[in-house]
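A.B. asks: In case you want the letters, here they are:
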Amino acid sequence: MTVYRSLTMKPASFDYTAPASLDEALALKAQHGDEAKFLAGGQSLIPAMNFRLVQAAVLVDVNGLRGLDYIRLEGSELRLGAMTRQRRLERDALVARHSPLLHEAMPWVAHPQIRNRGTLGGSLAHADPAAELPVVAAALGARLRAQSLRGDRWISADDFFRGLFTTDLASDEMLVEVALPPLPPRTGTAFTEFARRRGDYALMGVAAVVTLDENDVCQRAQLVYLNAGEGAVTARQAAALLQGQAPSASVIEAAAATAADNEINPMGNVHASPEYQRHLARVLTRRALRQAFERARTSTPPS
Amino acid sequence: MSELHAITVTVNGTAYERRVEPRLLLSDFLRHELGLTGTHVGCEHGVCGACTILFEGQAARSCLMLAVQASGRSLTTVEGLAQSQSELHPLQQAFWEAHGLQCGFCTPGILMTLVPFLEENPDPTEAEIREAISGNLCRCTGYQHIVEAVKIAAEKMRD
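If you read the protein sequences in the order shown, they are chains Y and A. This note's numbering applies: residue 1 is where the first sequence begins, and numbers increase by one. This note's numbering applies: residue 1 is where the second sequence begins, and numbers increase by one.
It is worth saying that the hints were derived from the structure and are not from the lab. Treat the numbers as computed from the prediction; the structure is a model and nothing was measured. Every clue listed holds true.
Derived pair list, reagent style SDA-like, types lysine to any residue, alpha-carbon separation capped at 25 Å: (1) Lys10(Y) with Phe165(Y); (2) Lys10(Y) with Thr8(A); (3) Lys10(Y) with Arg73(A); (4) Lys10(Y) with Glu3(A); (5) Lys156(A) with Asp123(A).
To give an idea of the chain A side of the interface with chain Y (calculated C-beta under 10 Å), a few residues: (6) Thr113; (7) Glu131; (8) Leu137.
Quick reminder that beta carbons are idealized off the backbone N, C-alpha and C, glycines included.
Next up, chain Y with everything else stripped away, as it sits in the complex:
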């Protein structure tokens, strides 16, 4: 072992294995439990290991597994394989047609070089409160399928995300699939965020999903925020203010103020105070709601 080698190792030592089948990967995870980590795109895990914030005894590389990289319709539901690369989601026509919110959010996920490697499932399982994909999953009422040698189970997005970098996945489970239910007719969605540099973690971001009835009254609304607390934060009071109302400027303003002032809990960082994050939330909510309602008014169901 030459000297430069020991100087250039960033992550702590681990054993590496690249199983050829899902069963093999799940058996390894069952055997090693929390000591093992799945390596998907690695765009969050490897930096955390480089900083030694994360140390794993065993890395189970799932990039060689077949059959976890797909985008397809099952009935009217969009089904996405957990190993689908983010760049593919961004450019996929089926995603654009059936999940305009996901389509709109994808270009905000880091940079193209990161999206080339990063995966849908990796980002969801990482559960970073500043990430876009957990917010989209929560806003759309996604269901997530976890698999282990014991079998598989579907978990609602609400139950899946359990807080800061924490999910409902058991130590022997792997996230293998995401299901996005169809949007009701006359539903509009919007995603927007603000970052100092395009592609960096946003200081604040919001996804809005709204449904109008035939009289242009809001039937249902959903507002979910990133970097606004310990996970994707859903603003239920703000949504309740919108329901049953025609979406006038004052109603939108009241909802934005309620979400920003009362429902989110931004922690601030070197780039933004919590007060500034709340200000951003208010402005971004206003923009997202206006756009979502406009899209709901003019929406046509996917063919």
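Using the hints provided, position chain A relative to the given structure of chain Y.
C.D. replies: Okay, now just chain A, sitting in the frame of chain Y:
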């Protein structure tokens, strides 16, 4: 220390066989095992873009991959761009002409980001160029000359 893994990686058309620790990053593998020091290492957590290479033709951060993951795969680094010692890639030539670099530390990563970008989008707008390089930090140029260089390169490469 964990077990060494035997890997075969093709870089710029040449196959290399090495035995590596799993925790060796691809960026450090390229630099220290293969001596291909054109790939630069800046932040090592995926922010600066200096280590960008082509992994199976797609731009990727080599500091966010392990060398073992590249086994059986084909990579291109900045050393693979120029046809010969005397003939630069049109993108490199344009950077030279437009003063698209000062210290040059970020340049390899920017070039490797832009090669697939210009293949997909041969006639980009200025906004598209700026977005394409948003994942690459340059602390000297203020980006203006880089954007100019990309415009020149795009024009040359379309001809």
